[in-house]
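Got chain Z sorted already, so can you dock chain D onto it with the hints?
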Amino acid sequence: MVPFILLLVIVGSVLFHIFTPWYSTPIASNWSNIDKTIELTFWMTGGVYVAVLGFMTYCVIRFRSKEGHRADYEPESKKLEIILTVLTTIGVAGLLAPGLIVWDEYVSPPEDAMPIEAMGQQWYWSFRLPGEDGVLGTTDARNINADNPFGMNKNDPNGQDDILIEGDDLHLELEKPVKFLLRSIDVLHNFYVPQFRAKMDLVPGMVTYYWIRPTLAGGYEILCAELCGVGHHAMRGFVKVEGKEDYKNWLDDQSTFKALQEEAKLENKEKLAFHKSN
Amino acid sequence: MSESIVPESELEEVELYHAKSWWTEKVFTQDAKLIAVQYGLTAFAIGFVALVLSWFMRIQIAFPELSIISEGTYYQFITMHGMIMVVYLLTALFLGAFGNYLIPLMVGARDMVFPYLNMVSYWTYLVAVLVLFVSFFTPGGPTGAGWTLYPPQAILGGTPGQESGIILMLVSLCIFIVGFTMGGLNYVITILQARTRGMTLMRMPLTVWGIFTATVLALFAFPALFVSAVMMLFDKLLMTSFFMPALVEFGENLTYGGGSPILFQHLFWFFGHPEVYIVALPAFGIVSDLISVHARKNIFGFRMMVWAIVGIGALSFIVWAHHMYVSGMNPYFGFFFATTTLIIAVPTALKVYNWVLTLWKGNIHLTIPMLFCLAFIVTFLNGGLTGLFLGNVVVDVPLSDTYFVVAHFHMVMGIAPVLVILGAIYHWFPLITGRMLHDGMGRFHFWVTFIGSYLIYFPMHYLGFIGVPRRYYEMGQTEALYTSSAADLNVFITLAALAVGFAQLVFVFNVFWSAKKGIVAEKNPWKAASLEWQTPDQPPVHGNFGKELPVIYRWAYDYSVPGAEDDFIPQDVPNEKVKLAKGHSQLGVEST
Numbered sequence: 001m002v003p004f005i006l007l008l009v010i011v012g013s014v015l016f017h018i019f020t021p022w023y024s025t026p027i028a029s030n031w032s033n034i035d036k037t038i039e040l041t042f043w044m045t046g047g048v049y050v051a052v053l054g055f056m057t058y059c060v061i062r063f064r065s066k067e068g069h070r071a072d073y074e075p076e077s078k079k080l081e082i083i084l085t086v087l088t089t090i091g092v093a094g095l096l097a098p099g100l101i102v103w104d105e106y107v108s109p110p111e112d113a114m115p116i117e118a119m120g121q122q123w124y125w126s127f128r129l130p131g132e133d134g135v136l137g138t139t140d141a142r143n144i145n146a147d148n149p150f151g152m153n154k155n156d157p158n159g160q161d162d163i164l165i166e167g168d169d170l171h172l173e174l175e176k177p178v179k180f181l182l183r184s185i186d187v188l189h190n191f192y193v194p195q196f197r198a199k200m201d202l203v204p205g206m207v208t209y210y211w212i213r214p215t216l217a218g219g220y221e222i223l224c225a226e227l228c229g230v231g232h233h234a235m236r237g238f239v240k241v242e243g244k245e246d247y248k249n250w251l252d253d254q255s256t257f258k259a260l261q262e263e264a265k266l267e268n269k270e271k272l273a274f275h276k277s278n
Numbered sequence: 001m002s003e004s005i006v007p008e009s010e011l012e013e014v015e016l017y018h019a020k021s022w023w024t025e026k027v028f029t030q031d032a033k034l035i036a037v038q039y040g041l042t043a044f045a046i047g048f049v050a051l052v053l054s055w056f057m058r059i060q061i062a063f064p065e066l067s068i069i070s071e072g073t074y075y076q077f078i079t080m081h082g083m084i085m086v087v088y089l090l091t092a093l094f095l096g097a098f099g100n101y102l103i104p105l106m107v108g109a110r111d112m113v114f115p116y117l118n119m120v121s122y123w124t125y126l127v128a129v130l131v132l133f134v135s136f137f138t139p140g141g142p143t144g145a146g147w148t149l150y151p152p153q154a155i156l157g158g159t160p161g162q163e164s165g166i167i168l169m170l171v172s173l174c175i176f177i178v179g180f181t182m183g184g185l186n187y188v189i190t191i192l193q194a195r196t197r198g199m200t201l202m203r204m205p206l207t208v209w210g211i212f213t214a215t216v217l218a219l220f221a222f223p224a225l226f227v228s229a230v231m232m233l234f235d236k237l238l239m240t241s242f243f244m245p246a247l248v249e250f251g252e253n254l255t256y257g258g259g260s261p262i263l264f265q266h267l268f269w270f271f272g273h274p275e276v277y278i279v280a281l282p283a284f285g286i287v288s289d290l291i292s293v294h295a296r297k298n299i300f301g302f303r304m305m306v307w308a309i310v311g312i313g314a315l316s317f318i319v320w321a322h323h324m325y326v327s328g329m330n331p332y333f334g335f336f337f338a339t340t341t342l343i344i345a346v347p348t349a350l351k352v353y354n355w356v357l358t359l360w361k362g363n364i365h366l367t368i369p370m371l372f373c374l375a376f377i378v379t380f381l382n383g384g385l386t387g388l389f390l391g392n393v394v395v396d397v398p399l400s401d402t403y404f405v406v407a408h409f410h411m412v413m414g415i416a417p418v419l420v421i422l423g424a425i426y427h428w429f430p431l432i433t434g435r436m437l438h439d440g441m442g443r444f445h446f447w448v449t450f451i452g453s454y455l456i457y458f459p460m461h462y463l464g465f466i467g468v469p470r471r472y473y474e475m476g477q478t479e480a481l482y483t484s485s486a487a488d489l490n491v492f493i494t495l496a497a498l499a500v501g502f503a504q505l506v507f508v509f510n511v512f513w514s515a516k517k518g519i520v521a522e523k524n525p526w527k528a529a530s531l532e533w534q535t536p537d538q539p540p541v542h543g544n545f546g547k548e549l550p551v552i553y554r555w556a557y558d559y560s561v562p563g564a565e566d567d568f569i570p571q572d573v574p575n576e577k578v579k580l581a582k583g584h585s586q587l588g589v590e591s592t
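Those protein sequences? They're chains Z and D, same order as listed. Under the working numbering, the first residue of the first sequence carries the number 1, and numbering increases by one thereafter. Under the working numbering, the first residue of the second sequence carries the number 1, and numbering increases by one thereafter.
Looking at chain Z on its own, in the form it has when it is part of the complex (with noise of 0.2 Å):
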C-alpha cells in the first residue's frame, strides 16, 4: 500500500498540475519575461520532483525488508556525491541567472516612464499624476490636514500643477511606460495588481518604486498585499487602461491641486462669510 500511495501522490501532482483550472490571470503587462522564469522554474522543479521521489518509491518497493535480507554496507561515495554537487549547481545557476537578468529590468525604469504617485493610507488608495511639467511635487507627511490630504508642499512650483485624484479609479494609457512612485502616510500597503504581475510596499517615510507597460486594455482591481489592520481585505482600487483618446477625456476631467486649493480657499472664505452673517 505504501509504495502505491507515494506513486498516486507523484502522480496526482503531475496531473493537477496539468488539468488545474487555477492559474495565472491572463497578463496585462510588459512582463511576461516574469511569467517566463516561473514557467522554466516550473519545469526544472517538477523534473527534479518527480525524478527524487520516482527513485524514492522505487526503493521502498525494491529494498523492503525481507526475511533474511540485509541491506548493503556503503558508507559515502566521494565521486556519486561530488557528481550530485556540480549537478544542482548547474542547476541553480541556470535558474538565477536568467531570474537576476529580469531582476534588472525591474528595478531599471526607462527614462521616459511617467511617474503616478499612488499613495496608501487606511484603507484606500489616492493617485498624484504630474502636470504639464511632467514633475512631481515635493510632499511631507506633516504638511497633511483636512485641506492638504496629499501633504504637498504649498510653495513648491512643481507641485501647483499635480494632478490629484482621491480615493477614486486610475486610468492609465496603454502601451505608456508608467513608473509608479509609492507612498503611505501611515503604515505598510503593498500596491498589487495580480494582472500586471508587479507589486511593491508602500513604506511610510520613504518613496519605493516599480515599473510597468500597461499592454492589455481592461479594468485591473488593486489590492493591498500588506498586512495594514482590520480593512487590509477590503483595501481595493481600481485601475482602467485605455487608449489615448479615452486616457486624454479621463485627463481633462481631473482637478490639479492649484485649482482644488482655490476651490478650498473659496469653500471657506463662504463659510466664514455664512457665520459672519449669521
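No lab work stands behind these hints: they were computed from the structure. Honestly, I wouldn't trust all of these hints.
[As the list claims (entries may be wrong)] Dumping the calculated DSBU-like pairs for lysine-lysine here, alpha-carbon to alpha-carbon at most 35 Å: (1) D/Lys527 to Z/Lys78; (2) Z/Lys269 to Z/Lys258; (3) Z/Lys269 to Z/Lys248; (4) D/Lys527 to Z/Lys79; (5) Z/Lys78 to D/Lys582; (6) Z/Lys176 to Z/Lys244; (7) D/Lys582 to D/Lys26; (8) Z/Lys66 to Z/Lys154; (9) Z/Lys176 to Z/Lys248; (10) Z/Lys66 to D/Lys579; (11) D/Lys523 to Z/Lys66; (12) Z/Lys79 to D/Lys579; (13) D/Lys577 to Z/Lys66; (14) Z/Lys240 to Z/Lys258; (15) D/Lys361 to D/Lys577; (16) D/Lys361 to Z/Lys79; (17) D/Lys361 to Z/Lys78; (18) D/Lys523 to D/Lys33; (19) Z/Lys79 to D/Lys577; (20) Z/Lys66 to Z/Lys78; (21) Z/Lys66 to D/Lys516; (22) Z/Lys176 to Z/Lys36; (23) Z/Lys78 to D/Lys236.
[Said to hold, decoys possible] Estimated spans, in silico, between C-beta atoms of each pair: (24) D/Ser485 to Z/Asp147: 44 to 52 Å; (25) Z/Arg236 to D/Ser485: 18 to 26 Å; (26) D/Leu126 to Z/Asn158: 53 to 61 Å; (27) Z/Lys66 to D/Phe136: 49 to 57 Å; (28) D/His365 to Z/Ile90: 32 to 40 Å; (29) Z/Asn249 to D/Gln477: 26 to 34 Å; (30) Z/Tyr58 to D/Val508: 31 to 39 Å; (31) D/Gly583 to Z/Lys66: 19 to 27 Å; (32) D/Trp447 to Z/Lys66: 19 to 27 Å; (33) Z/Ile5 to D/Pro7: 48 to 56 Å; (34) D/Leu126 to Z/Val135: 58 to 66 Å; (35) D/Glu252 to Z/Ile5: 54 to 62 Å.
From a predicted model like this one, the values you see are computed outputs, not experimental measurements. All residues carry an ideal CB built from backbone N, CA and C; glycine is no exception.
Coordinates of chain D only, in the frame set by chain Z:
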C-alpha cells in the same frame, strides 16, 4: 568505522546530585529527561491552542458568509497561530524537548552540565507561554499584527490588540529568549564539554549535530529579535521613534518622526531566517537517524551530512532579506540575496539526495517512524523546491504575499518538521515511557496527517498563482481572481484541515492511553546502534548510565556490517566483543 580513539579518563567521576523531595524530583526537577517532558507537554498544550485557532481561520476562509469570527478576531488568530507554532511550539519542542532528552543520552553524559540553569530555563519558558496566553483575556485581546509584527501598524490603532496585546506579545518574546538562552548555552556546552570517552565530534549522531548547530544559530539570532522587541516596546510606551517615521493616523498627525519601518524588518528577519533552520536542522538530524535505523543501513555520506548542516547554518545568516524583496529596501540588495539564497539550495539538495540514497539497497522496515520519514521527504522536497521560486527575486514578485507563500512555508517548515516530530515521538516513545504507542491508531494518525496535509497545501500553491493575497479576512467580489471554483477549492482545503486536526486528537489520545496501557517495549525495540538505547534501564533513570559511563568505540551507524551476526553494533561495543556471523573470523569491512 574506527575504534582507535578512546582516550584515557582524565577526571574522577563526581557523585551525582539526586533530588531529595517529591517537589525537587517531579516538579522543580533538574533531570534533563524530565525537563524535556515538561517542555514537550507545555509546547504541545500551547500548540493545541494554535491548532484550534487554525480551524476557526479555515472555516472563515471557506465560509465567509457565516462570519464565524470578526475581522479583528481573524487577524488576531492568524497572528497567534503563526507565532505560537514557530516559536513556542517548534523551537521549544526541538531544542527544549528533544534537545534536553537526547543530548545527554546520545553523547554519554549523566545530565546537562548546568542542571539548575536548565530547570530555570523551563520555568522561564512557562512564564513566557503564560504571558502570551493571558493576552487572549486582556482588554482588546491579543495582537493582530501578523506574526511578523511589522511596525508601524503593530502599535497603531487600526490593528486589533494594540491596547495591551502587542505589549504582552513583545514581553513574552523577551522572556522566551531569556529562558532559551539559559537552555541553549547548556546544550552547546554539554555537547562540547561533557561527551563521554571515545565520543568524538564525528561519532555524534546527526540528531546531536542538528540540535547543536540549531542552538548555536539560535544563540546568535534571537538577540536580534530581543532588541527589536525592546525597541518596539519603547516606540509603543515611551513614544520613541526607532521604527516610526512621521505619519498620520486616521487624519491625526502623530508625534513620531525619523524612524525606519524597514530597520525592524531587517532585525526581524535576521532572526527570522535562521529561525527557519533552527527548526529545520534538528529535523534534518533526527530524520537522518530515523531513516538509518529503520532502513538498517548507515546514513549515506555521513561527513557530507555534517558539513551540510554546518554550511546551511552559516549561510542562513546571509539570506535574511529574501523575505523583503518587495519591502521597499534598496532593490539592488535583490541581486545579492537571491544569489546567497539559491546557493543554500545546494547543500540542502545534497541532504535530500543522501536520505533517499540511504534507502538504496537498504532493508527498509515500514514502521510508523519510517513512514513519517518518507512523508517528510515528500513534503520537505516539495517545500524546498517552491523555495526556488520565492528565493529567485523576480519570480518572488508576483507570488510574494499570496497563498503560494503560505503553502510554501507550511509545507517546508510546518508540515515537514512536524512530521519529523511525530515520527520521532513514535520512535523514542518506548525509551521515554517503556511502552510502545498503539500501532493501529498510529497508522491511522499517519495516513490522515500526511495525505490530509498534502491535500491542504499542494493545491493551495495554485491559489497563489492566481494571485489571491494571504491575510485576507474575505475575498469579497474579485471575479477575475476569486472565481467560484477557487472558493470551492478553499472549502475543500478547509475540510482537509479539519480532518488533519481530528487525527491529532487521535494521536493525543494514543499518547496518554499508551503511556498507561500500551504494550511494554522490549529493550531497544528498533535495534538501534546509538547510545541512548544502550542505558542499563529502559526508561533511563536519573544519571542515565548506571555506575560507569560508557566508552564509545564507533560511530552511530554501524548497521548491517558484513561479518557481524546482528545487523547492528551499538556504539559502546568494541570490535572484539562483536558476535561474528557463521563462517566469519573477523568483521568484513576494514575500519577507516
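Right, here's what the structure says about each hint:
1. Taking the CA atoms of D/Lys527 and Z/Lys78, the gap is about 29 Å. The hint holds against a cut of 35 Å.
2. Taken as a hint, the Z/Lys269 and Z/Lys258 pair is honoured in the structure, with Cα atoms around 16 Å apart against an allowance of 35 Å.
3. About 33 Å separates the Cα atoms of Z/Lys269 and Z/Lys248, which keeps this hinted pair within 35 Å; it holds.
4. In summary, the hint linking D/Lys527 to Z/Lys79 is supported, as the alpha carbons are separated by about 31 Å, within the 35 Å threshold.
5. Distance hint between Z/Lys78 and D/Lys582 is fulfilled; the C-alpha atoms sit about 32 Å from each other, no more than 35 Å.
6. Restraint check for Z/Lys176 and Z/Lys244: satisfied, since their Cα atoms lie roughly 9 Å apart, inside the 35 Å limit.
7. A C-alpha spacing of about 49 Å is found between D/Lys582 and D/Lys26, which places the hinted pair above 35 Å, so the restraint is violated.
8. The suggested pairing of Z/Lys66 with Z/Lys154 is violated, with an alpha-carbon distance near 85 Å, which exceeds 35 Å.
9. Only pairs whose Cα atoms come within 35 Å are accepted, and Z/Lys176 paired with Z/Lys248 is accepted, the gap being roughly 13 Å.
10. With a C-alpha separation of about 22 Å, the suggested pairing of Z/Lys66 with D/Lys579 holds against the 35 Å cut-off.
11. At most 35 Å may separate the alpha-carbon atoms for a hinted pair to count; D/Lys523 and Z/Lys66 meet this at roughly 23 Å.
12. About 33 Å separates the Cα atoms of Z/Lys79 and D/Lys579, which keeps this hinted pair within 35 Å; it holds.
13. With a C-alpha separation of about 27 Å, the suggested pair D/Lys577 and Z/Lys66 falls inside the 35 Å cut-off, and the hint holds.
14. Our distance criterion of 35 Å between C-alpha atoms is met by Z/Lys240 and Z/Lys258, whose separation comes to about 25 Å.
15. Simply put, D/Lys361 and D/Lys577 have alpha-carbon atoms about 27 Å apart, close enough for the 35 Å limit, and the pair holds.
16. Restraint check for D/Lys361 and Z/Lys79: satisfied, since their Cα atoms lie roughly 18 Å apart, inside the 35 Å limit.
17. Proximity of D/Lys361 to Z/Lys78 is assessed by CA-CA distance (about 18 Å); at most 35 Å being required, the pair is judged to hold.
18. Simply put, D/Lys523 and D/Lys33 have alpha-carbon atoms about 18 Å apart, close enough for the 35 Å limit, and the pair holds.
19. Between Z/Lys79 and D/Lys577, the direct Cα distance comes to roughly 34 Å. Compliance with the 35 Å bound is thereby established for this hinted pair.
20. About 29 Å separates the Cα atoms of Z/Lys66 and Z/Lys78, which keeps this hinted pair within 35 Å; it holds.
21. For the hint pairing Z/Lys66 with D/Lys516, the CA-to-CA distance comes to about 33 Å; that is within 35 Å, so the pair holds.
22. Restraint check for Z/Lys176 and Z/Lys36: satisfied, since their Cα atoms lie roughly 22 Å apart, inside the 35 Å limit.
23. A distance of roughly 56 Å separates the Cα atoms of Z/Lys78 and D/Lys236; the hinted pair therefore is violated under the 35 Å criterion.
24. A hinted range of 44 to 52 Å for the beta carbons of D/Ser485 and Z/Asp147 is consistent with their spacing of about 48 Å.
25. Between Z/Arg236 and D/Ser485 the CB atoms are about 21 Å apart, so this pair conforms to the stated range of 18 to 26 Å.
26. A beta carbon spacing of about 60 Å between D/Leu126 and Z/Asn158 agrees with the range 53 to 61 Å that was offered as a hint.
27. Distance hint check: the CB atoms of Z/Lys66 and D/Phe136 are about 54 Å apart, consistent with the given range 49 to 57 Å.
28. Look at D/His365 against Z/Ile90: about 36 Å separates their beta carbons, and that is inside 32 to 40 Å.
29. For the pair Z/Asn249 and D/Gln477, the supplied restraint of 26 to 34 Å holds, since their beta-carbon distance comes to about 27 Å.
30. For the pair Z/Tyr58 and D/Val508, the beta carbons lie near 36 Å from each other, so the given range of 31 to 39 Å is met.
31. In this structure the hint that D/Gly583 and Z/Lys66 lie 19 to 27 Å apart at CB holds, the actual value being about 21 Å.
32. Remark: the range hint 19 to 27 Å for D/Trp447 to Z/Lys66 is upheld by a beta-carbon distance near 23 Å.
33. Roughly 49 Å separates the CB atoms of Z/Ile5 and D/Pro7, a value that falls within the hinted 48 to 56 Å.
34. Restraint check, D/Leu126 to Z/Val135: a C-beta distance of roughly 60 Å satisfies the suggested window 58 to 66 Å.
35. Here the CB-CB span from D/Glu252 to Z/Ile5 is close to 59 Å, well matched to the stated 54 to 62 Å.
Going down the numbered hints, you'll see the structure goes against 7, 8, 23, while the others check out.
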